[in-house]
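Mind assembling these two chains? They're in different frames, but the hints should get you there.
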Amino acid sequence: MRGAFVSLLKQKQYESFQALDHISFEVQQGEFVGIIGKNGSGKSTLLKILAGIYQPDRGTVQIHGQISPFLELGIGFNPELSGRDNIYVNGILLGLTKKEIDKKYDEIVAFSELERFIDQKLKNYSSGMQVRLAFSVAIFANRDILLLDEVLAVGDMAFKEKSFQKIWEFHTQGKTIILVTHDSDVVTQYCDTAILLSEGKMLVKGDPQQAINIYTHMS
Amino acid sequence: MKTQQNYWEMVWVLAKTDFKLRYNNSWLGFVWVILKPLLIFLVLDFVFSHIFGGGIKFSLGLLTGIILWSFFAECTMVGMTSLLNKAHIITKISIPKWVIVVSSTLNTLLNFFLNLLVLAVFFILGGVFPNMLNIMIALYYCLIIYLISLSFSFFTAPLFLNFRDMNQIWEVLLTAGFYAAPIIYPMSIIPAHIQTLLYLNPMTFIIVHVKNILLENQFVYPLHHALYLSLSFISFIIGYLFFQKFSQRSAEYI
Chain A
72 MRGAFVSLLK QKQYESFQAL DHISFEVQQG EFVGIIGKNG SGKSTLLKIL
122 AGIYQPDRGT VQIHGQISPF LELGIGFNPE LSGRDNIYVN GILLGLTKKE
172 IDKKYDEIVA FSELERFIDQ KLKNYSSGMQ VRLAFSVAIF ANRDILLLDE
222 VLAVGDMAFK EKSFQKIWEF HTQGKTIILV THDSDVVTQY CDTAILLSEG
272 KMLVKGDPQQ AINIYTHMS
Chain B
6 MKTQQNYWEM VWVLAKTDFK LRYNNSWLGF VWVILKPLLI FLVLDFVFSH
56 IFGGGIKFSL GLLTGIILWS FFAECTMVGM TSLLNKAHII TKISIPKWVI
106 VVSSTLNTLL NFFLNLLVLA VFFILGGVFP NMLNIMIALY YCLIIYLISL
156 SFSFFTAPLF LNFRDMNQIW EVLLTAGFYA APIIYPMSII PAHIQTLLYL
206 NPMTFIIVHV KNILLENQFV YPLHHALYLS LSFISFIIGY LFFQKFSQRS
256 AEYI
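The listed protein sequences correspond, in order, to chains A and B. Taking this note's numbering, I'd label the letters of the first sequence as residues 72 to 290. Taking this note's numbering, I'd label the letters of the second sequence as residues 6 to 259.
Some hints here could point you the wrong way.
[Claimed, not checked] Here are the simulated DSS-like cross-link-like pairs (lysine-lysine), alpha carbons at most 27 Å apart as the crow flies:
id: 1; chain 1: B; residue 1: 97; chain 2: A; residue 2: 169
id: 2; chain 1: A; residue 1: 194; chain 2: B; residue 2: 97
id: 3; chain 1: A; residue 1: 169; chain 2: A; residue 2: 272
id: 4; chain 1: B; residue 1: 97; chain 2: A; residue 2: 233
id: 5; chain 1: B; residue 1: 41; chain 2: B; residue 2: 62
id: 6; chain 1: A; residue 1: 237; chain 2: A; residue 2: 169
id: 7; chain 1: A; residue 1: 246; chain 2: A; residue 2: 231
id: 8; chain 1: A; residue 1: 170; chain 2: A; residue 2: 272
id: 9; chain 1: A; residue 1: 192; chain 2: B; residue 2: 25
id: 10; chain 1: A; residue 1: 246; chain 2: B; residue 2: 97
id: 11; chain 1: B; residue 1: 25; chain 2: A; residue 2: 169
id: 12; chain 1: B; residue 1: 21; chain 2: A; residue 2: 194
id: 13; chain 1: A; residue 1: 174; chain 2: B; residue 2: 25
id: 14; chain 1: A; residue 1: 272; chain 2: B; residue 2: 62
id: 15; chain 1: A; residue 1: 169; chain 2: A; residue 2: 194
id: 16; chain 1: A; residue 1: 174; chain 2: B; residue 2: 97
id: 17; chain 1: A; residue 1: 174; chain 2: B; residue 2: 41
id: 18; chain 1: A; residue 1: 170; chain 2: B; residue 2: 21
[Stated by the list, open to error] Non-contacting residues of chain A with respect to chain B, defined by C-beta distances greater than 12 Å in every case (computed):
id: 19; residue: 168
id: 20; residue: 229
id: 21; residue: 269
[To be verified] Which bits of chain B does chain A cover? Going by a derived footprint, with three or more residues having C-beta under 8 Å, they are:
id: 22; region: 45-52
id: 23; region: 93-101
id: 24; region: 249-259
Bear in mind the hints are in silico, worked out from the structure with no lab data behind them. These numbers come from a predicted model, not from an experiment. Positions of the beta carbon are idealized from the N, C-alpha and C atoms, including for glycine.
For reference, chain B alone in the conformation it holds in the complex (with noise of 0.2 Å):
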């Protein structure tokens, strides 16, 4: 009934303040949602261009890798910390915590889309057109990167209130993932048996297939897409069956 709607627009309400009180009073401040990417991309361009060889292609699969990756990275941090940094909410009323968990992650996605725009830019710019179909695969993994995150979340945010080490925890390890996925390197000079090692992140599954999509226009392996897709969704549904349980007391942890 109605109520179910007002979730909805608590859900909207709450991540239309999070954007506003982000960029408040500070224009530079959201240049610098797509600025960041940016200049981390120069640094790294510059020096692995250098390594392995660089061109177009190499910049474009680099650029596309680095905003892939800053999604996930600060979906998670924010899906991870977000009961705690909305205490002064469920502590005092008693709404369903997941509205809380996708409210403040909706802004990461937001972010998201501006440096898509971005990225959209530099295909152009480099010449490259990847076809309309190819296009939409890769957005649809966008979604799927959110999809994970949002899972991710799920679990950590309620254990979170409990073992709050666990955000200086992940931060070390989303820049260990960093470098365990093929953002920097191609895929090729990892020898085979590590290859499949890389594959236990779970970002480096989409990573290699969205550049190989909007690269190659290649679109491989049917069988493997299924399997992660189902694995994203078996988990987003495990994730969110943990949180309704284990984060009813969480005003009680805070």
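So that you can see chain A by itself, here it is in the shape it has in the complex (with noise of 0.2 Å):
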């Protein structure tokens, strides 16, 4: 009893933690960046500030164009709305204006495929489907700088390949990507640059090949 008024006196702490430290880096535009590290290495934190969502406690983030942040697919999905509504309410968060998702719409519902259940609502949806939609939506709402975490792992292989053929596509057109990921084959077949985090640190920024080397060394 009275440990639960003592805690109930005590101001709730957020124990700091520095996820992320003296990082700097330049990307060109059209460059294919590839940040890997292990869990916990501050590589989402690194993606979060970019995209704004955090801000840094000290230095900057300096941007030239637009971004077009997929940290997680699918973001206000609800799933008590329909498939149509819910590709408004995510196209309108990741910047599109009503008009262009208009304009856009046909052809979101038939990348994902899901024509037949577009005006059912989501929670009818199998999770493999709802990610297609949001994957849609995202491919749509691209600008000039992509960020990207982790979110091509999703859908079956299919949907897989097509998904990164459009990735591809985007960085063909001399779009920025900056992409997350686990998986060392993408980063040596197509990262023009790679960035190894550990422990909130920037081991290695250059050749995907050599950062793959010394990632797969220190686990």
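The structure is reproduced here in structure tokens:
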């Protein structure tokens, strides 16, 4: 009983944790950058800072162009809304205007291959279908810079393939892509540059193959 | 440029979603919006019309007070908790935080307009017809309630993320505030020195004057109105600036 009172009076404290420390790098327009590192090394925090969700305690982030953050798919999705309504909620949150969504709507639905289910509530979708819908909106909300947090590990093999094709297409169009991944094949095959994080510090920035080598030695 | 338009579209689409979800699958849920203040009114009217002599004007004044107060109570409560309630959005994407506060509170504004329609019906049934100008002034004050609630929300929504007991405290204060405003009793029965005290409740001024305007066709003390309006606008501006400064790191405190 006494314990309960004491904890009641104690102020709730957030334990501070330095997730990132002295990270500094430049990314050129059109570059395909892979960020690797163990769980808890600060990859997602770094992306969240780039996306403007978190504020850095020190230092600045300078961005030229508009960012499309795909840190999580289906932001604002609600199971009680239809697929159609969810496309609009999600699309507008991702920075599309209603007009743009109107224009791209058919393409979005076609890409998701969910034409038959689009007026059903999202709660009746399988999780794979939900992800497909989310990814399709995200694909069409692309801007100059794409931040991807392991979102490629979605859907069945065929859809995964198709999604990656799309990302690659963006790359060839000259868009900048920053991707967090655990898949070393993706890094070595597609990335121009790799950043290896460990305990909030940047160990390597440069050649993907070299970064992967160091990473595999670490674990 | 385009982004500004996008933010207002966000406000709209989020408010619409909230509205759809709130009455999702429940027809009666929607009816409750109107029914709840009416039932509270019936209970209070039954009890207090005996004490204060009753009459049609007392009942209409009571209903007006209850509807205005419910709007204030609901709007501030929703506004205060809005950032936390939309955690699934603000931890995932960087959007201006005011979009969240405004879209969440818009819903209560809509509920309020529905209640105003009911109020209008009661005025007609009661045979009390305020003139058009006075109705406009009353509606204008309703928007001022929204402005006050919004500035309250701007102050409290970022703070609530750190002090999660605030909504409990606010609930108690709202109950106290209901009795500290001339809703169930006429202002005239209160001794003068306590009347001044009651004006510390921001809703007291509005309730007194809206009742006066609608029931007595009286618009008095224009200077007080000017002062009240200026204070509301100043608090809104300060609230907004406070919010801009302290909502930046919201995502980190959730």
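Do the hints match the structure? See the list:
1. B:97 / A:169: Measuring from Cα to Cα gives roughly 21 Å; hence the hint holds.
2. A:194 / B:97: holds, 21 Å
3. A:169 / A:272: Not satisfied, since the Cα-Cα distance of roughly 41 Å exceeds 27 Å.
4. B:97 / A:233: OK: residue 97 of chain B and residue 233 of chain A at ~25 Å, within 27 Å.
5. B:41 / B:62: With a Cα-Cα distance of about 21 Å, the restraint between residue 41 of chain B and residue 62 of chain B holds, given a limit of 27 Å.
6. A:237 / A:169: holds, 23 Å
7. A:246 / A:231: holds, 20 Å
8. A:170 / A:272: violated, 43 Å
9. A:192 / B:25: Within the cut-off at roughly 13 Å; holds.
10. A:246 / B:97: holds, 22 Å
11. B:25 / A:169: Judged against 27 Å, a Cα distance of about 18 Å means the pair holds.
12. B:21 / A:194: holds, 19 Å
13. A:174 / B:25: Given that 27 Å is the threshold and the Cα spacing comes to 24 Å, the pair holds.
14. A:272 / B:62: The given pair, whose Cα atoms are some 72 Å apart, is violated under the 27 Å limit.
15. A:169 / A:194: holds, 24 Å
16. A:174 / B:97: Roughly 26 Å between the alpha carbons, so the hint for residue 174 of chain A and residue 97 of chain B holds.
17. A:174 / B:41: Not OK: residue 174 of chain A and residue 41 of chain B at ~42 Å, beyond 27 Å, violated.
18. A:170 / B:21: Satisfied, since the Cα-Cα distance of roughly 17 Å is no more than 27 Å.
19. 168: violated, 6 Å
20. 229: holds, 27 Å
21. 269: Label holds. Min Cβ-Cβ 22 Å, cutoff 12 Å.
22. 45-52: Per the Cβ count (0), the hint is violated.
23. 93-101: holds (count 8)
24. 249-259: Answer holds; 5 residues pass the 8 Å Cβ test.
In summary, the structure is inconsistent with hints 3, 8, 14, 17, 19 and 22 from the numbered list given earlier, while agreeing with the others.
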